[in-house]
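Novice: What follows is each chain in one-letter form.
4 protein chains.
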Amino acid sequence: MINDTVYLRKVFYYETDRMGIVHHSNYIRWMEEARLEHMRQNGVDYAEIEEAGILMPVTSCECEYKSSAKFGDTVEVTARLTAFNGVRAEYEYSIRLSGNERLLATGHSGHCFIDEVKRTPLNLKRRMPDMSAAITRLLPTEPA
Amino acid sequence: MINDTVYLRKVFYYETDRMGIVHHSNYIRWMEEARLEHMRQNGVDYAEIEEAGILMPVTSCECEYKSSAKFGDTVEVTARLTAFNGVRAEYEYSIRLSGNERLLATGHSGHCFIDEVKRTPLNLKRRMPDMSAAITRLLPTEPA
Amino acid sequence: MINDTVYLRKVFYYETDRMGIVHHSNYIRWMEEARLEHMRQNGVDYAEIEEAGILMPVTSCECEYKSSAKFGDTVEVTARLTAFNGVRAEYEYSIRLSGNERLLATGHSGHCFIDEVKRTPLNLKRRMPDMSAAITRLLPTEPA
Amino acid sequence: MINDTVYLRKVFYYETDRMGIVHHSNYIRWMEEARLEHMRQNGVDYAEIEEAGILMPVTSCECEYKSSAKFGDTVEVTARLTAFNGVRAEYEYSIRLSGNERLLATGHSGHCFIDEVKRTPLNLKRRMPDMSAAITRLLPTEPA
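Protein chains in written order, with our numbering: chain A, 1 to 144; chain B, 1 to 144; chain C, 1 to 144; chain D, 1 to 144.
Where hints are given, some of them may not hold.
The list treats identical chains as interchangeable, and a pair is accepted whether it falls inside one copy or across any two copies.
Result set (DSSO-like, lysine-lysine): computed pairs, CA atoms no more than 30 angstroms apart in a straight line [to be verified]:
hint, residue 1, residue 2
1, 118, 66
2, 118, 70
3, 66, 10
Hints in this document: simulated from the structure, not taken from any laboratory.
My request is simple: use the sequences and hints to build the entire structure.
Specialist: Here's what the structure looks like:
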C-alpha cells in the first residue's frame with residue numbers, strides 16, 4: 001500500500017471562470033476525486049462503504065492557492081491520509097501542474113463516518129473492521 | 001393557478017467560463033430551478049413528491065442559445081408546463097435578461113415518474129391523485 | 001484521422017444528486033469534454049483556436065436520457081463531427097457504461113465561431129484555413 | 001454601510017449529492033455569492049472592479065461543516081469583511097438555515113488584487129482610491 005496517490009486530471013473548459021483560470025471551488029472537487037482514487041488504489045472502495053450503509057461526509061476543507069491552473073493544463077493532485085482513528089479521518093493534498101515541481105495549491109480535508117439511515121456518527125472499527133484495518137495500515141508509523 | 005412562472009435569478013460568478021459568459025450547461029440548471037419554482041408556486045411541492053418515494057427524472061433536455069448572459073446580469077426564466085398525462089410531463093422555457101424582451105435562450109425538458117426503491121416507471125395519477133389533478137389543472141384546455 | 005472519438009471518464013461523486021444518479025446537466029458537460037478530446041485527437045487544438053482570438057460557443061445542445069450513470073461507473077462518450085462549413089459545426093454523442101453496448105444517452109451540440117473581441121460571427125475557413133481544412137477532412141464523404 | 005450582509009438563498013436540487021445533502025463544495029460557492037452581495041450592498045461593485053482591469057482572486061478558503069443543508073431548505077449566509085489593506089482582503093462567513101440560530105457551517109476566504117493583463121499583484125489603494133476607501137470604511141474600528 002502506498003499512502004501517496006498521484007492523481008492526474010485534465011482541466012475541463014467548464015471549470016474555468018471569466019478570470020480565465022479554474023474557479024477556486026473546483027480545487028475542492030479535485031481533492032475529492034484524488035481522495036476517492038487514493039481509497040480505491042488502497043483497496044478501500046468508497047462505493048462499498050456506502051453499500052454498507054455508511055457515509056463519510058466532509059467535516060472541514062481548506063485550500064491555499066499559490067498559482068492558477070487554466071484550460072489545457074493537466075494537474076497532478078497528490079492525496080495522503082494523515083490521520084484515522086475509526087471515527088475521524090484526515091487527508092492532505094498538494095496540487096501541481098503535471099511534470100512541474102511548483103505548487104498550485106495545498107489543501108486539507110476532515111471526515112467522519114455516519115450511519116446512512118440514523119444520520120449519527122459511528123466507529124468504522126466496529127462496523128467494518130477489515131476496511132478500518134486497511135485504512136490504518138496506510139498511516140505512517142512515525143509522525144510525518 | 002398560473003402556468004407561466006417567471007423566475008428571477010442573478011448570474012453567479014462561478015457560472016461564467018473563460019469566454020467571459022455563462023457556461024451553456026448552467027442554462028440547463030436554471031431550467032431546473034425555474035421548473036421547481038413553477039411546481040412550488042402551483043402547490044406542487046417536489047420535495048413532497050420525493051417524500052412519497054417518487055422521483056421525477058429528466059428524460060430529455062434541449063436548449064437553443066441566441067445570446068449570452070454574463071456576470072452582473074439578472075436573468076428571467078419563464079417555465080410552462082406543456083404536457084402531462086400522469087406518466088410523462090413536459091416543460092418549455094424561455095430565458096431573457098430581466099426587463100428585456102430579447103431572448104437569450106429557449107429550452108425544453110421531458111420527465112417521467114419512477115418509484116424511488118424499485119426504479120420503475122409509475123403513474124402519478126394512481127400514486128398521488130391529488131397532486132396529479134393539481135398538475136393537470138395547469139395545462140391549457142385548448143392546444144397551445 | 002478518426003472521426004469517432006471514444007472518451008472514457010469516471011463518474012465523480014459530486015456529479016451525483018439526491019436521486020443517487022448523475023445529475024442530467026453533467027451529461028452536457030461530458031459532451032464538451034468528449035468534443036474537446038475529439039478535436040485534440042484530430043490535431044484541432046481548441047486552446048490554439050482561442051489563442052488566435054476565436055471562440056466557439058455552443059448555439060444548441062440536446063440530450064435524450066435512456067438510463068442513468070451512478071458513482072463508481074466509468075462512462076464512454078463517443079463524439080463525432082456531423083457537419084462543418086466554416087461558420088457552423090455540429091457534433092453527435094452517444095454515452096454508454098464502459099464495456100456495455102446499452103446506451104445511457106444520446107446527444108447533439110451546435111456551434112458557431114466568433115471573434116473574441118468583436119463578439120461577431122466569423123468564417124473559420126478565412127481566419128484559420130489550415131485548421132478549417134483539418135476539421136473538414138473529418139467529415140464523412142458520404143452521408144452517414 | 002453595514003459590514004454584515006445576510007444573504008438568503010434557496011438550495012438548488014443539483015447542489016445535492018447522493019448522500020441526500022448539499023455537496024460540500026457548494027458552500028464555497030455560496031460564500032462567493034454572499035461576498036459579492038456584500039460588496040454590492042456596500043457600493044463596491046465587483047463587476048466595476050473587473051471593468052477597471054482588476055481581478056480579485058481567492059488566495060485561500062476554508063469551511064467547517066457542523067450540519068448539512070438539503071433540497072427544500074433556504075440558507076442564510078452572513079458575510080463580513082475582517083481585514084483589508086489595499087493588497088489583501090479577508091472575509092468571514094457563517095451559514096445557517098433561514099430563521100434558525102444553529103450553524104450549518106462557518107468559513108473564511110482570503111483575496112488579493114491583480115492586474116488582469118499583467119497578472120501581477122497590485123494595490124487597490126493606488127489603482128482605485130475611492131473604491132479602496134469605501135472598502136476600508138467597512139472595517140470595524142476596534143478589533144472585532
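Novice: I'd like to know which numbered hints this structure contradicts. Please list them from smallest to largest.
Specialist: Every hint satisfied by this model.
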